Amino acid sequence: MSAASPTTRILVCESTACASSKAAEIRAGLEAAVGRLNLADRVEVGFTGCHGFCQKGPIVVVEPEGIFYCQVKPGDAEDIAASLRPGGEPVKRLFYRHPVTKEAVPRYEDIVFYKNQHRLILRNCGVVNPERIEDAEERGGYGGLKKAVTSMTPEQVVNEVKRSGLRGRGGAGFPTWIKWDLCRRQPGDEKYVICNANESSPGAFMDRSLLEADPHSVIEGLALLGYAVGASRGFIYCRAEYSLAAKRAQAALDQAYGKGHLGARVMGTGFAFDVEIFQGGGTFVSGEETALLSSLEGARSMPRSRPPFPATSGLWGKPTIVDNIKTLASVPPIVSRGGAWFASVGTEKSPGTVVVSLTGKVANSGVAEVPMGTALSKLIYEVGGGIPNKKGLKAVQIGGPSGGFLPGGKIETPLDFDSLAEAGGIMGSSGIMVMDEETCMVDAARTFLTFVQGESCGKCVACRVGTRHMVGLLDKIATGQGTEEDLGKLERLGEIVRNSSLCGLGQTAPIPALTALRYFRSEFIAHVIDKRCPATVCRELVTFRIIPDRCTGCQMCVKVCPTKAISGPRSQPHNLDQSKCIKCRSCYEVCKFDAVAGEAIIIVS
Amino acid sequence: MAVSMPETVRQRSRERRKSLLPLLKRTQETEGYLSRETVRRISRELRVSENEIYGVASFYPQFRFAPPGRHHIQVCLGNACHVGGAPNFMEAMKIERNLVHGQTTPDHELSLEGVGCLGCCAMSPVVVVDNEVHGRMNRVTFMRLVESLDDPEKPS
Numbered sequence: 374m375s376a377a378s379p380t381t382r383i384l385v386c387e388s389t390a391c392a393s394s395k396a397a398e399i400r401a402g403l404e405a406a407v408g409r410l411n412l413a414d415r416v417e418v419g420f421t422g423c424h425g426f427c428q429k430g431p432i433v434v435v436e437p438e439g440i441f442y443c444q445v446k447p448g449d450a451e452d453i454a455a456s457l458r459p460g461g462e463p464v465k466r467l468f469y470r471h472p473v474t475k476e477a478v479p480r481y482e483d484i485v486f487y488k489n490q491h492r493l494i495l496r497n498c499g500v501v502n503p504e505r506i507e508d509a510e511e512r513g514g515y516g517g518l519k520k521a522v523t524s525m526t527p528e529q530v531v532n533e534v535k536r537s538g539l540r541g542r543g544g545a546g547f548p549t550w551i552k553w554d555l556c557r558r559q560p561g562d563e564k565y566v567i568c569n570a571n572e573s574s575p576g577a578f579m580d581r582s583l584l585e586a587d588p589h590s591v592i593e594g595l596a597l598l599g600y601a602v603g604a605s606r607g608f609i610y611c612r613a614e615y616s617l618a619a620k621r622a623q624a625a626l627d628q629a630y631g632k633g634h635l636g637a638r639v640m641g642t643g644f645a646f647d648v649e650i651f652q653g654g655g656t657f658v659s660g661e662e663t664a665l666l667s668s669l670e671g672a673r674s675m676p677r678s679r680p681p682f683p684a685t686s687g688l689w690g691k692p693t694i695v696d697n698i699k700t701l702a703s704v705p706p707i708v709s710r711g712g713a714w715f716a717s718v719g720t721e722k723s724p725g726t727v728v729v730s731l732t733g734k735v736a737n738s739g740v741a742e743v744p745m746g747t748a749l750s751k752l753i754y755e756v757g758g759g760i761p762n763k764k765g766l767k768a769v770q771i772g773g774p775s776g777g778f779l780p781g782g783k784i785e786t787p788l789d790f791d792s793l794a795e796a797g798g799i800m801g802s803s804g805i806m807v808m809d810e811e812t813c814m815v816d817a818a819r820t821f822l823t824f825v826q827g828e829s830c831g832k833c834v835a836c837r838v839g840t841r842h843m844v845g846l847l848d849k850i851a852t853g854q855g856t857e858e859d860l861g862k863l864e865r866l867g868e869i870v871r872n873s874s875l876c877g878l879g880q881t882a883p884i885p886a887l888t889a890l891r892y893f894r895s896e897f898i899a900h901v902i903d904k905r906c907p908a909t910v911c912r913e914l915v916t917f918r919i920i921p922d923r924c925t926g927c928q929m930c931v932k933v934c935p936t937k938a939i940s941g942p943r944s945q946p947h948n949l950d951q952s953k954c955i956k957c958r959s960c961y962e963v964c965k966f967d968a969v970a971g972e973a974i975i976i977v978s
Numbered sequence: 387m388a389v390s391m392p393e394t395v396r397q398r399s400r401e402r403r404k405s406l407l408p409l410l411k412r413t414q415e416t417e418g419y420l421s422r423e424t425v426r427r428i429s430r431e432l433r434v435s436e437n438e439i440y441g442v443a444s445f446y447p448q449f450r451f452a453p454p455g456r457h458h459i460q461v462c463l464g465n466a467c468h469v470g471g472a473p474n475f476m477e478a479m480k481i482e483r484n485l486v487h488g489q490t491t492p493d494h495e496l497s498l499e500g501v502g503c504l505g506c507c508a509m510s511p512v513v514v515v516d517n518e519v520h521g522r523m524n525r526v527t528f529m530r531l532v533e534s535l536d537d538p539e540k541p542s
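Heads up: the sequence lines are chains A and B, in that order.
One point on numbering: in the working numbering, the residue at position 64 of the first sequence is 437, and numbering is uninterrupted.
One point on numbering: in the working numbering, the residue at position 33 of the second sequence is 419, and numbering is uninterrupted.
The following block holds chain B by itself, in its conformation from the complex:
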């Protein structure tokens, strides 16, 4: 016969597990990404195996496992933005900066991410750079925005 767990133990364990996603989110907000060390730390803290954490975290597109660049560019690929030409921005980054979704440039300056709808459809197409929303972009204004991020001090 199975021995049943005392109710309080069960409650504690499920509350710990419930805090997994918020904890991952907060950690990523402060550290920029989820490093192996971070995952190990959270694993010990919540008593959830590292494998399990990777299993959960990799399911959700918002979690990153590599550090983002100094400037993080998010291109909204929701319907309204797609129709407005947002895929062209991704293409422009590929052609002109050799940067694709989920990657960071070797000099750690820029990272690019194609994201789902940001809920700013009335201003589509929308691009978010370092958490600042820029609306009504086109390929030309987008690339001007990207150029404005270039560090003037840095020799190109």
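This is chain A alone, in the form it adopts within the complex:
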């Protein structure tokens, strides 16, 4: 080992999720400990963007050994640094443990969450320091752009994308090259290209993760798009709430300008390309491409009717391409390694990979990337590590708040655009939420519909009024006031909203309710006929009870009850007055986590 340059690197993840759990403090602690132990000449402390495994954050990785530490606390810094002294052993207590076997897994690549992934779009996430362009360049960053501007015509770039079979990762799966080619053929030199990073879909956080961890790949993809269609100005439309992502992207832009990868003479050629970041107002509908354009123009973000498509008449009436951030991040390797290489991954009709954010009731939640066509079951049980707490799988929702629910019986469905459409779902944002037996489908449908209803821009009557009535009907059912007739009404209304809305928001808004009715009708029947909520979720249909045998009388619940419904002396089973109970769950939660007794309070339907 040479003493001149560091041979070991300790990398702390500093994305939004890990940063919220004191990642910066951990890094400072590591730096101090490395200095104290005189390791500074061979150990370097740095940071990366998101590894995708946010649930286990903060994450610290030691390279080149690939040791993966999770849920690190500032107090662990000393031990991690000490483990790198000659003859030191890795810190076992911080290893990831397999959710079922509880076996400790020291290495990054052996963890089930990563083992089954194919990281193409996320190739640099968690590997490079997002604020150092050299890190990205070392891994081939800007190589595709260089190749394109120095040795390819714009038409050749479009053809390479055509050969790759790349389809838009925004949800609809439209072939990317068709849009590009249409825009390229438009006359005039005033064209615009936009990266859509307005990720507002609840449960999806891969765009944030990508922009925070690897902004250079996104910028390179956008520049390639600009070159291919003949645009000299690009925008990264970043969601308003993602301040760290916008900050990292801006830093990356400054560096790219500094290196001559952007600007009046890209890579020393005649191609001029400028990029700026635009932060929108944080609405779900702004992710729709025409609504996004309105927002960029400084107006209310409401969709326009198509045609004309943005590729012929977009921003300020000029030819414009709006591509999802993941589509753009796929482009650089397509150009540098060839479209055929990309097409060899995934399925014939949906080549490449899909980035999903796996949330809900799975052991491993986070952002993962798998080849298109991977079965949902593989994603949930292998990458996701299965359902925790020995519960059974009830449903999987794919595609964000307007995605469909697939029942447990459909989890062999391959994850690609066409198979999902066949099963009644959509790819959408490819946010995947796993639901176990404790999830009430009426409540779930109501939650998602309420969100979409609130985000409706109000332009189309069907969406604005229709979704409100649908929420009203679901409210009625969830509170035990629904009738069987309401189920039919809900279905009819859903069809109307779906068929008479202008944009994707309205067209997909009813999908959760419709698929819930289709696959979980018996649960709706239980709500309207028996007035029961089998999953014990719907508040009006359940009661809270204390099991006297289990209650140790610790008085935790007495203290937290906001309405003083619980009473009883210390060390004696408590009493819960149903007439005062507002079913707020405080007692249930405190009993589950804090109380001496543990789970003495139950919810029954």
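Derived from the structure by calculation, the hints contain no laboratory data.
In this text, all values refer to a predicted model and were calculated from it rather than measured experimentally.
Virtual Cβ for every residue (Gly too), placed ideally from N, Cα, C.
You may find that some hints are simply not true.
Claimed, not checked - With a cut-off of at most 20 Å between alpha-carbon atoms, the simulated EDC-like pairs for lysine to aspartate or glutamate come out as follows: (1) B:Lys411 / B:Glu482; (2) A:Lys620 / B:Glu415; (3) A:Lys953 / B:Glu477; (4) A:Lys937 / B:Glu401; (5) A:Lys465 / A:Glu451; (6) A:Lys446 / B:Glu518; (7) A:Lys932 / B:Glu533; (8) A:Lys691 / B:Glu482; (9) A:Lys937 / B:Glu482; (10) A:Lys932 / B:Glu477; (11) A:Lys932 / A:Asp903; (12) A:Lys722 / A:Glu785; (13) A:Lys904 / A:Asp967; (14) A:Lys932 / B:Asp516; (15) A:Lys832 / B:Glu438; (16) A:Lys620 / B:Glu533; (17) A:Lys395 / B:Asp516; (18) B:Lys480 / A:Glu451; (19) B:Lys411 / A:Glu649; (20) A:Lys956 / B:Glu415; (21) A:Lys620 / A:Glu785; (22) A:Lys965 / A:Asp903.
Claimed, not checked - Some, not all, of what chain A presents toward chain B, calculated at C-beta under 8 Å: (23) Ala390; (24) Ser573; (25) Ala613; (26) Glu614; (27) Gly655; (28) Ser668; (29) Trp689.
Stated by the list, open to error - Among chain A residues calculated to face chain B with C-beta under 8 Å, some are: (30) Ser674; (31) Thr820; (32) Gly941; (33) Cys954.
Given the coordinates of chain A, work out where chain B should sit on it, guided by the hints.
Below, chain B without anything else, positioned relative to chain A:
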């Protein structure tokens, strides 16, 4: 016949208009909210009518027209957080502090906002207090967090 605007004039005017949302955002970041005076100032600067600015700004949920409290609490109501019980936090604030979405307490100490997904779903339910993210909350830990914000100097 319509007289067409020279291209440069058109470009200048649309760039000004394009800067409306970023300007509103930056202003709110420094001033905490969009006051009438601010909107008037921006109106003059960008040559966009005040009505038009209110029309645009009120469409986007992130803009506030009243000052936030000394501590601003944002409760994520995205899907993952909703399933994890985030609506209970809003309810707790209503019962215990008489504070609802979009409001500030009369003493200007606390303000509450229910927001859309913050992209931290793996740590749900998530609450943001004064821009600091707190994950894996429940009703009890949430209320403890709120209590920790109370000014010890202030007589209650």
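Cross-check of the supplied hints:
| no. | hint | verdict |
| --- | --- | --- |
| 1 | B:Lys411 / B:Glu482 | violated, 32 Å |
| 2 | A:Lys620 / B:Glu415 | holds, 14 Å |
| 3 | A:Lys953 / B:Glu477 | holds, 16 Å |
| 4 | A:Lys937 / B:Glu401 | violated, 59 Å |
| 5 | A:Lys465 / A:Glu451 | holds, 14 Å |
| 6 | A:Lys446 / B:Glu518 | holds, 17 Å |
| 7 | A:Lys932 / B:Glu533 | holds, 14 Å |
| 8 | A:Lys691 / B:Glu482 | violated, 54 Å |
| 9 | A:Lys937 / B:Glu482 | holds, 12 Å |
| 10 | A:Lys932 / B:Glu477 | holds, 17 Å |
| 11 | A:Lys932 / A:Asp903 | violated, 35 Å |
| 12 | A:Lys722 / A:Glu785 | holds, 18 Å |
| 13 | A:Lys904 / A:Asp967 | violated, 32 Å |
| 14 | A:Lys932 / B:Asp516 | violated, 27 Å |
| 15 | A:Lys832 / B:Glu438 | holds, 17 Å |
| 16 | A:Lys620 / B:Glu533 | violated, 32 Å |
| 17 | A:Lys395 / B:Asp516 | holds, 16 Å |
| 18 | B:Lys480 / A:Glu451 | violated, 44 Å |
| 19 | B:Lys411 / A:Glu649 | holds, 16 Å |
| 20 | A:Lys956 / B:Glu415 | violated, 38 Å |
| 21 | A:Lys620 / A:Glu785 | violated, 40 Å |
| 22 | A:Lys965 / A:Asp903 | violated, 29 Å |
| 23 | Ala390 | holds, 5 Å |
| 24 | Ser573 | holds, 6 Å |
| 25 | Ala613 | holds, 5 Å |
| 26 | Glu614 | holds, 6 Å |
| 27 | Gly655 | holds, 5 Å |
| 28 | Ser668 | holds, 7 Å |
| 29 | Trp689 | holds, 6 Å |
| 30 | Ser674 | holds, 7 Å |
| 31 | Thr820 | holds, 5 Å |
| 32 | Gly941 | violated, 19 Å |
| 33 | Cys954 | violated, 13 Å |
Violated hints, in rising order: 1, 4, 8, 11, 13, 14, 16, 18, 20, 21, 22, 32, 33; the structure is consistent with all others.
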